[in-house]
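A.B. asks: Residues per chain, in single letters:
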Amino acid sequence: TQLLEQSPQFLSIQEGENLTVYCNSSSVFSSLQWYRQEPGEGPVLLVTVVTGGEVKKLKRLTFQFGDARKDSSLHITAAQPGDTGLYLCAGAERGGADGLTFGKGTHLIIQP
Amino acid sequence: DAGITQSPRHKVTETGTPVTLRCHQTENHRYMYWYRQDPGHGLRLIHYSYGVKDTDKGEVSDGYSVSRSKTEDFLLTLESATSSQTSVYFCAISEAVSYNSPLHFGNGTRLTVT
Numbered sequence: 001t002q003l004l005e006q007s008p009q010f011l012s013i014q015e016g017e018n019l020t021v022y023c024n025s026s027s028v029f030s031s032l033q034w035y036r037q038e039p040g041e042g043p044v045l046l047v048t049v050v051t052g053g054e055v056k057k058l059k060r061l062t063f064q065f066g067d068a069r070k071d072s073s074l075h076i077t078a079a080q081p082g083d084t085g086l087y088l089c090a091g092a093e094r095g096g097a098d099g100l101t102f103g104k105g106t107h108l109i110i111q112p
Numbered sequence: 001d002a003g004i005t006q007s008p009r010h011k012v013t014e015t016g017t018p019v020t021l022r023c024h025q026t027e028n029h030r031y032m033y034w035y036r037q038d039p040g041h042g043l044r045l046i047h048y049s050y051g052v053k054d055t056d057k058g059e060v061s062d063g064y065s066v067s068r069s070k071t072e073d074f075l076l077t078l079e080s081a082t083s084s085q086t087s088v089y090f091c092a093i094s095e096a097v098s099y100n101s102p103l104h105f106g107n108g109t110r111l112t113v114t
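Quick note, the sequences are listed as chains A and B, same order. Start counting the first sequence at 1; every next residue gets the next number (the numbering used here). Start counting the second sequence at 1; every next residue gets the next number (the numbering used here).
Bound conformation, chain B alone (with noise of 0.2 Å):
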């Protein structure tokens, strides 16, 4: 299995909070993605990481950063937690960017915004 942490696993923030997910991996793969999981909408790209210090918006950027000083990390930043941000959060890592490279992903975080 690939070597990615995602913490904390599980979170309960009120709204309006600043939130921040960690992604940690051991493999030192160049591309990193946060992703969430919402029923009815599969997985949809928040933001992505070409490497230290580069990064770019996905398709639900809103309300979302990111920053990357370190290959190993990948940092997702919920500025004002909004109940419309109640989901489940997945990191995933590619090793390189090519019409066939998988992903792989850590376990989630479930963050609960109320």
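Bound conformation, chain A alone (with noise of 0.2 Å):
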């Protein structure tokens, strides 16, 4: 089974802060995606990331795939209170119909 280690677990910040948080394996996935999730729903996908060393840019965020397709990063500029949720990523290895492989998620609360 892969393994999806996402750090730091807990986040808390102030607005108008920077920060980043990391997803990493010791696997090499075909892709990775990252999700956000809010209180009382289900996880929303962000961003999916395919080539390795490739960097997305979501307004205010900014996702990037390692260049050995094993880890990733998110790098939030200026948070805001909307920013506020749970983040996971989740890597595919071989496209299969079960091939996500889920973080356990970073918890993020930007304090107005």
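Careful: at least some of the hints might be erroneous.
To spell it out: a stretch of chain A is covered by chain B in this simulated footprint if at least three of its residues, at any positions, have a beta carbon under 8 Å from a beta carbon of chain B; those stretches are [unchecked claim]:
{"id": "1", "region": "39-53"}
{"id": "2", "region": "100-110"}
Computed spacing ranges between beta-carbons, pair by pair [stated by the list, open to error]:
{"id": "3", "chain 1": "A", "residue 1": "16", "chain 2": "B", "residue 2": "83", "range": "42 to 50 Å"}
{"id": "4", "chain 1": "B", "residue 1": "27", "chain 2": "A", "residue 2": "9", "range": "20 to 28 Å"}
{"id": "5", "chain 1": "A", "residue 1": "75", "chain 2": "B", "residue 2": "70", "range": "38 to 46 Å"}
Just so you know, the hints here were simulated from the structure itself, not pulled from any lab data. Fair warning: this is a prediction, and the values are worked out from it, not measured in the lab. Built from N, CA and C at the ideal position, the CB exists for glycine as well.
Hints given; two lone chains; assemble the complex.
C.D. replies: Right under this line is the structure:
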């Protein structure tokens, strides 16, 4: 079973600060997906990164896939209270129907 | 938003009773999944379906069964509920199986087994 380790598990910062969360594995993934989950709701896809070294930007969020396709990071610039949530990374190994492995998530709280 | 409805949203049941959770989609997606989410464990796959009457086991399938008699409905049954099955259950759907296909999740069912 492939494992995805996310760090930190919990992060509480002030509005306007920058932050980075990490998703690491010893295994190679075909792609990594990032989801955000709010209380009482299901996870919602933010982005998919596919190519080693790929960088994708979604407004104030920057996602990077490691060159070796074993790790990924999410950087948020000037965090807002609306960024509060649980951030999950998920790796796709072989594209099979059961191919997504989820990390345990980073709980992010942005204090106004 | 993907049209996924999970029912019930909340349920409390007693140990030893059977429980069925329902997932209904209006997207006509072929692939459907049941996950459970627990503190310290993240999302873990219970069962999945790749078509009508085609299902397979996931990582944590013991004590669970599924059925898919129509494209739009995927049922998860706890044959004899135990306290260890207290969890939040999420249904997800996917249009295709490829390394970059996203999952669309329902809003979950919170199940408490007493």
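A.B. asks: Against this structure, judge whether each hint is valid.
C.D. replies: Outcome of the hint check:
1. 39-53: holds (count 8)
2. 100-110: holds (count 5)
3. A:16 to B:83: 42 to 50 Å: For residue 83 of chain B against residue 16 of chain A, whose Cβ atoms are near 44 Å apart, the range 42 to 50 Å holds.
4. B:27 to A:9: 20 to 28 Å: Distance hint for residue 27 of chain B, residue 9 of chain A is violated at roughly 33 Å.
5. A:75 to B:70: 38 to 46 Å: Holds, at about 43 Å.
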